Every structure is written in C-alpha cells, then in structure tokens.
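Asker: Each chain is listed here by its residues.
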Amino acid sequence: MSTPDDLDLAAQQTTALLALDAADSSEALEQFYRTWLAPSGVTTRLKRGIGRLPTDQRAAFGKNINALHTELETRFHQRREVIKTRELAARIAAEARDVTLPPRPRPVGSYHPVTLVLREVLDVFQRMGFSVFESPHVETDDYNFGLLNMPADHPARDMQDTFYLDGERLLRTHTSAGQIRAMRELGGDGTKPVRVVLPGLCYRNENITTRSEIQFHQVEGLLVGKSVRMSDLKGVLLQYARLLFGPEQQVRLRGSYFPFTEPSVEVDIRCTLCAGNGCRVCKQTGWLELLGAGMVHPVVLANGGYDPNEWRGFAFGMGIERTVLQRYDIHDIRYLFGNDLRLLQQFR
Amino acid sequence: MRVSLSWLRSFVPVTLDTPALIELLTRAGLEVDAVHTVGALDPLVRVGRVVSRKALPAASHFVIDAGPGYPAVSVVTKAPNAERFDVGAAVAIALPGATLIDAHGDDFALVTVGSARVYGVQSDGVLCSERELGMGDDHSGLMPIATEAPAGAPLAAVVAIPEGGEADEVLEVAILPNFARCLSMVGVAREVAALTGAHGHYDVALEELEIVPGEVNAVVEATDACRRFSTARIENVRVLPSPRWMQRRLVLAGVTLIDHLVDVTNYCMIELGQPMHGYDLAHLGAPTLGARRSRAGESARLLHQGADEAPTALPEGTLVITAADRPVAVAGVMGGADSAIRGDTTTVLLESACFDWPAVRRSSAALKIHTDASTRFARGVDPTLSVLAIRRAVKLWREWSSPDLKVTATGDWLRAPIAEGVVGFSVQGMTSLLGLETTRAEITEALARVGIEVRDGADGGLEAVVPPGREDVQRPCDLAEEFARVTGFDRIPETMPSEALPFHTPSRRYALREGLRDALVRGGLQELLTYTLITAESEALLGAEPAETPRLRVLNPINVNRTTLRRTLLAGLMETLRENHRHTPDAQVFEIGVVFLPEQTPPGQKLPAEKLRVSFALTGRVDRASMHGGVDRSADFFDGVALVEHLLRALRLTGITLEASEGAPWQPGLCAVLRKGERVYGWFGVMHPDVCTRFDLEGSRVVAGELDLDALLDEAGTTFKTLAPPRFPSLPIDVSMFVARGVSAGQVVAAALSEGGPLLKGVEVIDEFSGAQVPEGMRSLAVRLELNAGDRSLTTTEAQAVRLLVTTALTAALQVQVRE
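As given, the protein sequences belong to chains A and B, one line each in that order. Note that this note's numbering gives residue 198 to position 198 of the first sequence, counting from 1, and the numbers run on in steps of one. Note that this note's numbering gives residue 906 to position 558 of the second sequence, counting from 1, and the numbers run on in steps of one.
The hints are simulated quantities; they were obtained by calculation from the structure and are not laboratory data. Warning: the hint list may mix true and false statements.
Incomplete in silico selection of chain B near chain A, CB under 10 Å [claimed, not checked]:
(1) R375
(2) E790
(3) D838
(4) P905
The structure presented is a predicted model; accordingly, all values stated were derived computationally and were not measured. Don't be surprised by glycine CBs; every beta carbon is placed ideally from N, CA and C.
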C-alpha cells in the first residue's frame, strides 16, 4: 500500500494537521488517533516501511518520521484538552435546569407529634438518671386510687372522671397508678432508693372538646430516698426545665392539692412563647403550668413498702398533649388522636 | 366559689389591687379561673364623648366616641334627660359584653349588654344611669360624668365608686378538695388575711339564743353518718323578698333568689359555709326530724320535682331526713317538695347539721344531684358551725322579714365532743422535708396565721393544735404545706438530691420498641396514635373474630363510638384510612400500641392480658409519576413483604419465615403468616375487598399487617455479627426451572440454600412466568445463585459442581424440571 507519495512526510504532515484541525469532537479525535497515531495508524506503517528505502535515506527518514509522530502526538493531546474542555462546557450548559421546578417524589415518614415530645421529655429525664418504668393501662381501683390515699368516696375522686370496666378494674386515670408498682418492684421491700419516670396513656371520662380528650399521655416521675427534700424536687425540675427549654428557665411553685403528695404544688415555668413578658398563651402572667408535684404522702410510701419515718420521696406528673399543642400551635386537641394525615404529614 | 370583693372586704381589708390579689391566691392554691366585673367597674364601661345627637320619635340616637377601637358607636337611648348631653359631653357607655345591673327589676339581676336594632336604628351599647352602674338609686336619666378624661378611659378610673355601691368584682376561685373551708366567704377572708398578714373581723351579728349541746330535738339513728344535728323551731316568720343588699350578694355568688326565708339559709351557707334546710312545719307531718338510712323501696318527692312528677326512688341506704319516719329530704343534698317553704309558711323547722362526707357523696352520686349543699358536705363541713349558722339565720330573719319571730324549740345532738386536733412535729423534720432552714418562731408565727397554735409537746418535741374544720391537717407534712403556703413556696431553694441514687438503667424492651418506631419512620411510614377505646362493631368489620369473642367494655362510655377496649390495631388504622380517604387517598401508616385479650389473662390475675402490637396499612400510590418521569404504582402485597422484612431486620431477627396463609380479613392468595417453628408472630397481606367495602374504601387496595410485638421483642437482638466484604467477586449462576403450582418460591430458595454447600452464599428469585411454553399445572421460575469461596476466585468446575448440587436437590425434593 505504500506509494511514493507516502514518503512525502511534508505532505503527510499537512494532511494530518488539517485532519486534526477538522476534528471537533471526542469521536472525531478518536478517529484521528486511529488513523494516524494508533499502532495500526499511518506513522507506524511508515516506520515499518523504512526497510524498503535506500540505506542512506533510512536514518534521515527515520528521524523525520519520529519527529512527525511526536509532533502529531503533542498536537493531538493539545487538541484533546481543548475539545474536552469545550465538550464539558457544552454538557454543563445543556444540563442546566430551572432549579425551581418541583422535586421528584421521595417517600418520607414521620413521627406522631406526641411521640416527638414524649421522647424529648423522657430523654432529658433519662440523662438526669431516671429509668423508664411502664405499667398497665388497665388498673385496679386500688392501684389507681386506694393505695394512693384516695379511698372510696374520697373527694379527690371528683377531680378525675373514670372509665370503669367493672367494680374493681378501670382504665388508669393517671400514670401515678404505676407509683406503687414501681416502689414495690424496684424498692426491694422498702430498702432501696428508686428513681424512675413512668410514661403512658391515661384515660378520663370527659367530653371530647377542642381542649379535652378521653385519652392523653402523662409522664410521672418518682424519686424515693432517705434524705429527699422538697428543695430537691425544685432543683430537679429546674434542671429539667433548663435542659428542655433553655438555660435561662426558672421554675416557681404554687400551692395545690393531690391526695398522694403532701405538700402538693403546681410547678410553673417561664412562658416559653413570650419569655415571661406576658402573652395570650400564658394569660399575661408570664408563667406556664408545667406539672403537678409534691412530696410523696407518708401513706403512699407505706403502701409502696417503705417506712415513712425513714424514707421520703417526691413525685411529679405532667401531661404531654398540652406541650404538643403549645409547641406546634395546634388549636384543637382532637387533631391528635383524630389522625388527620394533612396535619400529621406536616411533621415529615 | 364566686367571691365578691366588696363582700370580702367586709371581713378583711384588702390593699392589693385585683391582679395582685389573684396572684397571691393562685400561688397559695386558690386558683382564680376568671374575674367578672359588674357595673361601673366593668372595663367595658367607658367614658364616651358625644359626637352627634339626633331626636327619634320617643328616643334619642347618639353617636359616641368611646375611644380607640370604638370611634363612632351608634346608641339609642330613651333617657328623658338625653337632650342635656350635647356634642362633646361625657357619658358612661357600656359596650357590648359589659355586665350591668338591671335597673327595672327590684331583685338584683345582672344583664349583659348586646347589640340590637331600636326603632330601626342600630344600637351597640347602653348609655348608663347611676342605678345601672351600681353607683346609686337614680334611674331617671343618664348619669352626668364630670371629667376631663379622654374618650375610652375606663369609667372606674374616673369616677369614685361609693362605699356600699353595687359595682363590684367577682373572682371565680377553684376550690381544691383540701380547701373545703374556702367554700365560704369567711373562709376565703381568713385565707386572705393569713396570706397578706392583714387582720380580719369575722364576727357576724348573731341572735341571742342559747342552744344547749346535748338537748336533743331529733332522732338520729344513722350515727355513723351524722356528726352533729342542730335544729330550731321558729314561729311567726313571714315570706318576703330579700333586701337589695342581700339579693346583690347572693346573685353575685351565683345563687338563685327565692324569698327571704330561703335566701337567708343560702346566705348563711355562702357566708359561713354551713348548709341549712328549712321545713314548713305545717306540711312536715311531725314536730321533729329524724336521720336514718333509707330502706328498700322508699322514695321522696324532692324540691326540683313538680307536683305531678313521680317521687324519686331512693337507693337503699341513702342518708335521709325523716318526719314521722317518712323521708322528707336527702340529707345534705336536697329537701323535699311537700315540706318546702312556701308563701304562707309561718313556722319553720330549721335543720343545721354536719353529715359525714362519704354518705353525702354517695347520695349525690347515686341520685346524680349536685347542689351547693352537697358540694360542701361532700368535702367536709366544720362541725362547729351548725349552731352559729342557726343564730345567724334567726338574726337575719328578725332584722328584715320577721321582727316578731319566736324560737320555740331547739336541739343540738352531737355524736362526740368536738375536739381540736393535735399533731406532733419538729423544726428539724420541717427543715429536712422542705429543704428550707427555719426556726420555731417562724413556724409558730406562720401557723398562727391559719389558726394553728404551736406549743411544747410531751416528749420534748413540738405540738400543733389544729382547730376543728381543718381536718386536712393531720400529719407533719400537712403542717409543712401550711407553713410553705403561708410563707411562700418561693423561699424553698433549689438543690439536687444529696444521696446515692440508682443510675438510669436502660430498658431493653423500651430501646428495641423505640428502635422499631425509628425504623418504620425511616421506611417512609407515618406514625398514628389511635384510640384505645373502639367498638366491637368496628372490629367486626374485619370479620377476623367471631362476634362472641370476649371483649372488655367500659361500664360508662362517653359515647357510642368509644365503648370497648380494642383487640386489634387494624380497625383503628382502617378507620383512619377511611376518614382520610377523601382528601388523602395515598397513605402509609403504622401504629405501635396495646390491645387487650381477656381470654389470655393468666388464671388468678386480676388485670387482663395487655399485648403490644405493631400494625401497618398501605393504600394508594407508593411510587408516583412526576414531571420528571416515573409511573404511578399502588401498594401491592410485595410492598408488604418489603416492609415486614425491613421491620424484622431492624429488630435483628433471623429465622422467621413467611408462609402462605389464609383467613379474614385477608384476601385469599395474598396473605402470609410469620412464624418460627410453632411460634406465630402475626399475619399480613392484602385486605379482602369486602373488608375494604365495609370500611367505605370500596375499590381501594389496602396492604396491611399486625404483628405480635411482645413476641418479636422477646427474641429481638440488639447487635449482630458482620461479614467481611468478599475480597473476590461473587460468581452468579442462573438456573431456570418449571415448578409445580403447589411449590412456593420460598421452598425453592430454602431447598437450594440448604443443599448448595459452603460456596453458595445466596439465592435470589429473579423471574417468574406462566404461559404457553410452560407445562400445564406448572410455572417457570428463575433463580440466581451467588457463589463465593471467600479467599480465591472460583473455577468453572467448582461453580458447575454447586449448580449440580442445587439442581439435583431441587429435582429430588420438589420435583422441579430444570431447564438447561
């Protein structure tokens, strides 16, 4: 295939450089490479034909052909960089999109808001050393009332409308029902201190309105020891409030009444919405009701297996739903167990 | 308890302004729920300036500037002196919502200002007279206001409210069970005095009347329920309306006015806390009263019943008041209709007793009758009050309606002498309970404010002497509460527990359960919390359990939809899908919750078996088309498989297999059971179309499942061992086969894995089809065998050997026809 013209390296060079200039895509460059520079390309073929040249021309031709190959290779690489850069720019330009177009669908789940708040509360108390203790939803009258210093006909039973299953069993009206169980199970017959939180669903036979439901979640706290003081209750709840609502939080105690604690208090924190300046949610008082609490009543300690002359404790109980409503600005508690997905899906 | 501040001030000086008083009471345990204002003190009564006045045929039409927000209020008034109020003059305007005193009636009635059209003109308020504002008796025309105050200023800030005027503020105070003493004005006044340190005067005018304890004029049989029973027979009484000052106090306290005879008993109850009942002796049928438990079949016609109504049946054992052994009242709850005071009553038998609270609570609850009297008795009434209240009532009657009355008989039966309580305590005990350093002097001073005296005790300690009527104070901790309330809970410092306490002990079940909740949310599901109470009818829509399945029902459901403790979470999930279907047809939801299975309750245990379940339901699209491509795809059975496997993986559970199953509520052929050996963990599948229809989801496909989470948590692992990633690539070998219809893909995979030898690391079903090329009664399956020796590349010969092992085993065990 070798023709005398083949050996005209100057002509070959002109042809090759014209071809390289004409190659304006990666594919065309690839084609150029195969034609000229590949092992099956023109330069190699010319080198192989060197033996057919007169001996005296071989050295010069060899040098020239190598020079040509090197030059083409260098020019090829330069050209390839240019093309690559141009092609990348073209691709980037072509791929650009209107970034405000809607996204692709992506399945996302979410927690019920009650779970979110419940977990946050439990998380803080667990970090403070409290263990989680869970107790049954269906309770006996004894555990829910009697052993908590609320015998039959006690006036405090008016405070809680109860769903009864029969004369003896009921749906617990508060997580306090688990207090006696916790003391009896963990207290080692009144010999060991106890530090637990008791979360759970509670039930009240109340009309369902925007503000009240027949079921709701509570978290009860119980700490029993030999030297527990009311000031410890205040300190622990202050710590809790600061961990959950911020380091500037304050607590205040107000007198209250629960049959199973004495003294009994309501504990308020600085309003989380107005930072204590007064707003609609805190009724301009600057304080929000956090929970009810008190020192465990001696009768309850005794029912839990402790000698009330040697042991003392504090207990507190808080509702979760109220915090959910406040935090997420939900104005109707019925959304929570009504499970309207249009509301719940906002928590995704 | 509705507390009129002017009435309160008659007992104790109050220098605090109303918000400060409310704060003080609230912090001491007397939470103020609301404040009502009347007349001139109502903030909606303002200074208005006349903008224009126009005469109407029998009235005047004013436009009033009532300040910010009310620049031009249109008001029509019939006041004869209207023309004396020219443009710019000041008037007292009550805006809609304000409470005024009805100037037309003689009884003290309150009216709320509204909007109306008067003579065809809009009227959005009232221009007030002196009488309407409670500032005097004049109702002849609009009250002139001499003030430079700008329009909109609250009237109370501009005019002087006269002493004894009727403008007032009323606090609605929530009374906790241990504040029974504060169900009276005197009780609240004593509390205010204790909290403010003010000195109150609680002595009210009493009739000079000696009622000798032990002189009995009644037959008290129910000595277990009566602590004291005092009576007085009063002759020559007259029935008249009460004086206006008494009417006003009663109305503000929320009491309905009757006549002076009855009003006085109510007045004494509000003032002192002692409920009383007056019987018309002429219609009583006996000169004396008795107190006993009712017998079977007895009844009485009560005050709230009409003459033609059947008497109220009294449950046996109800504490009743009798005359001639006939029930004439339910003790402490309500009097009888036949012996009630009426217009011609001349002789009253007055009962003033102290009943024990359990008896009254039971009567009140059984008859569902709650009265001002029963509210007080149910919380405990001070036993020292009964005689005092009689003397007070007689005095009040004599002063107004019955100056000629005569007390002709009295009685005062006591179960036992009334004694003070004595509670031993120590300063050290108080200090260590509260965590607050204090002294004997400080405690003595604080307790004295609530009427408790501190003295030296017998054994070197201290004793607190507690007056009768404070039976909530029985222990040192009760004294500590009184001390802290009076001196302020603020003084208690904040400390941390100073002894060794147990650390947080993680609960394995709690951690695993919450981990599962996380996994399901990560898996794209929405968590639900539904009601524990449902109906048997709703669960029956699933058709999964026969109607006679034992269920726990509440005795007193709040409504017909919340009657029964659930046995499954699925009904609640299906109800949720139904309620959301119209607006949210695509839903992937789950719930973790308890169900109640009474039949599984272990013998001898009182509480029913509560089982933790996890349930899910998927309906509508799980994949969605969008402008970027993709196609809509609805949830199908294999989305359920994926979810269940995801769930089992999250709990690190292995060895649980999935087998075809059937039964309601599932669609036949699209249901699986999860089991390991004999233990069953639950079912999942596609809901039967009939079930969907019953839940108003006709035409929807619902993929759902419910698993026994207690069982899963029992076996769940918290950790597992990983495998090192293979250093050499795995070799895939595909095997196609015809499989008889009765043989499942699961069986093929299990057989291949068990017989494939150590080089076979995995088997995956990659294709299934039926068609013309497939022999009758069979289908074609293709599986991909994944081979790896771990430490080297496999040779073709080794791979072929594994393939042969697998195909031989499948042919022998499952009679498959391998296609080469």
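Asker: List in ascending order the numbers of the hints, as given earlier, that are violated by the structure.
Answerer: 2
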